[in-house]
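Participant: The chain contents come next:
2 protein chains.
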Amino acid sequence: MTASAAKPGAVDKRRLILDAAVSVFARRGFHHCRVSDVADEAGVAYGLVYHYFRSKEEILNTLFLERWQIMLDAIGEIDARDLPAREKLYGVASFIVDSYRHDPDLMKVIIVEVTRAANSFGAIHIDKIREAYIGIAGIVETARAEGSFKSGIPADFAAMCFYGAIEQLLTGWIFEVLPKTDEEYERAKGLVVEAICGGLESAHNGTSA
Amino acid sequence: MTASAAKPGAVDKRRLILDAAVSVFARRGFHHCRVSDVADEAGVAYGLVYHYFRSKEEILNTLFLERWQIMLDAIGEIDARDLPAREKLYGVASFIVDSYRHDPDLMKVIIVEVTRAANSFGAIHIDKIREAYIGIAGIVETARAEGSFKSGIPADFAAMCFYGAIEQLLTGWIFEVLPKTDEEYERAKGLVVEAICGGLESAHNGTSA
DNA sequence: CTCCAGATTGACTGGTCAGTCAATGTGAGG
DNA sequence: CCTCACATTGACTGACCAGTCAATCTGGAG
Numbered sequence: 000m001t002a003s004a005a006k007p008g009a010v011d012k013r014r015l016i017l018d019a020a021v022s023v024f025a026r027r028g029f030h031h032c033r034v035s036d037v038a039d040e041a042g043v044a045y046g047l048v049y050h051y052f053r054s055k056e057e058i059l060n061t062l063f064l065e066r067w068q069i070m071l072d073a074i075g076e077i078d079a080r081d082l083p084a085r086e087k088l089y090g091v092a093s094f095i096v097d098s099y100r101h102d103p104d105l106m107k108v109i110i111v112e113v114t115r116a117a118n119s120f121g122a123i124h125i126d127k128i129r130e131a132y133i134g135i136a137g138i139v140e141t142a143r144a145e146g147s148f149k150s151g152i153p154a155d156f157a158a159m160c161f162y163g164a165i166e167q168l169l170t171g172w173i174f175e176v177l178p179k180t181d182e183e184y185e186r187a188k189g190l191v192v193e194a195i196c197g198g199l200e201s202a203h204n205g206t207s208a
Numbered sequence: 000m001t002a003s004a005a006k007p008g009a010v011d012k013r014r015l016i017l018d019a020a021v022s023v024f025a026r027r028g029f030h031h032c033r034v035s036d037v038a039d040e041a042g043v044a045y046g047l048v049y050h051y052f053r054s055k056e057e058i059l060n061t062l063f064l065e066r067w068q069i070m071l072d073a074i075g076e077i078d079a080r081d082l083p084a085r086e087k088l089y090g091v092a093s094f095i096v097d098s099y100r101h102d103p104d105l106m107k108v109i110i111v112e113v114t115r116a117a118n119s120f121g122a123i124h125i126d127k128i129r130e131a132y133i134g135i136a137g138i139v140e141t142a143r144a145e146g147s148f149k150s151g152i153p154a155d156f157a158a159m160c161f162y163g164a165i166e167q168l169l170t171g172w173i174f175e176v177l178p179k180t181d182e183e184y185e186r187a188k189g190l191v192v193e194a195i196c197g198g199l200e201s202a203h204n205g206t207s208a
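Those sequence lines, one after another, are chains A and B.
0 is the number of the first residue of the first sequence in numbering that gives the first Met the number 0; add one for each residue after it.
0 is the number of the first residue of the second sequence in numbering that gives the first Met the number 0; add one for each residue after it.
Among the hints, a few may not be true.
No distinction is drawn between identical chains; accordingly, a pair holds when it is met within one copy or between any pair of copies.
[Unchecked claim] The calculated DSSO-like cross-link candidates involving lysine-lysine, where the alpha carbons are at most 30 Å apart (straight line), are:
1) 12 with 55
2) 149 with 179
3) 149 with 127
4) 12 with 149
If you're looking for bench data, these hints aren't it; they were derived computationally from the structure.
Please put together the full structure from these sequences, using the hints given.
Facilitator: Have a look at this one:
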């Protein structure tokens, strides 16, 4: 068998290494951990890491690409539904928040080590990262065309604000400055959509274009 | 003379090193550059860096604290003015965007290497970073108390969304996915406030708490 | 001019760690 | 039982680089 097909009962060591890497990268950071930490965490020999991955960096690239593609697919799928823009955006916020809830370490690694790492992994994956912005912008653009969203705010700009707000929430959880209960996660989904779509103001004086 | 008081005509080598560090950290990233790169960029000997700074990390800490304190002071000063919340938030957005415009390298270093670096500098400076969130939340809180902002969205939550949206814009500029003209910077200030305060929707159906 | 404190220099060291590799294990097919 | 391909092991190496330090410079005070 090759690395991809794990027999039932046999442990997929490649997967074991990836999972261990998530845990170690999240706990110590990509730059502050050693490959041997990952191997130890996975319970495999040092050299096996290099049997499955060309380099330490390739491990992180793999983790990012795997997860990011799932998110891109989710955004595409949400956009394809026949729903008002606000509900589509709720779907996107929901997916991202649930991703964090389901695997906070992985999302932490992706945000901390890739999404904002302009000089290393971020630069390598910028096109993939951008696809997410474009997907969200597409949702906003459709709403603008329909007239349900203002035309004064460009869609790509709105997408950046929306994505930025969500990523900041995750950052708040990562840094432990926001509470992390199931209830909070659910509340956050609604609040972020309300904040961005409905705005913060209660009374609506004329809005400028 | 000590390091602090530079005589006119004499170059402040400490400052020279800090400025060189901004340039080098921005170009190559903190982890991917050597102390000798900083020394070379500053045009001083390797050892002089260690005359003024205890370690490579202390250089980054110094850069961050210097600049962040200026921002905290600015937020405090803006909050003290007698203005509607929306204009206060415009003031904050304006200050941050202008900070980037004035010294993009420094802001890039702060965002990329500190603000999101949960396992290294971010953890060290989390209290300072938090002060910014709290300052913004204070502005929102006042507006909520006055009734000009909705009460359904908690102030600390709104602050995170607002700050996140701005930081995402800077990230867009850093990654070169958003245009970087003076006109765009000015536009961005207004748009981010409009997006967060006024929301994206054109018609206002009932808003849920 | 002499002295001294602080500024400046850059060669060197000690530790760290990513990546290599030769040896060994393992299990499926013949 | 044998063979072979692939999995697994972990000691080792070569490069890299943060931080040290002894030597040298500089400029003001006496």
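Participant: With reference to the structure, classify each hint as holding or not holding.
Facilitator: Hint check results:
1. In the homo-oligomer, the alpha carbons of residue 12 and residue 55 lie at most 30 Å apart inside one protomer (16 Å), although the nearest pairing across protomers, at 38 Å, exceeds that limit.
2. Only between protomers do residue 149 and residue 179 lie at most 30 Å apart by alpha-carbon distance; the minimum there is 24 Å, versus 33 Å within a single protomer.
3. In this assembly of identical chains, residue 149 and residue 127 lie within 30 Å of each other by CA distance solely inside one copy; the values are 28 Å within and 36 Å between copies.
4. In this homomeric assembly, residue 12 and residue 149 never come within 30 Å of each other (Cα to Cα): the closest approach is 51 Å inside a single copy and 52 Å across copies.
Of the numbered hints listed earlier, the single one contradicted by the structure is hint 4.
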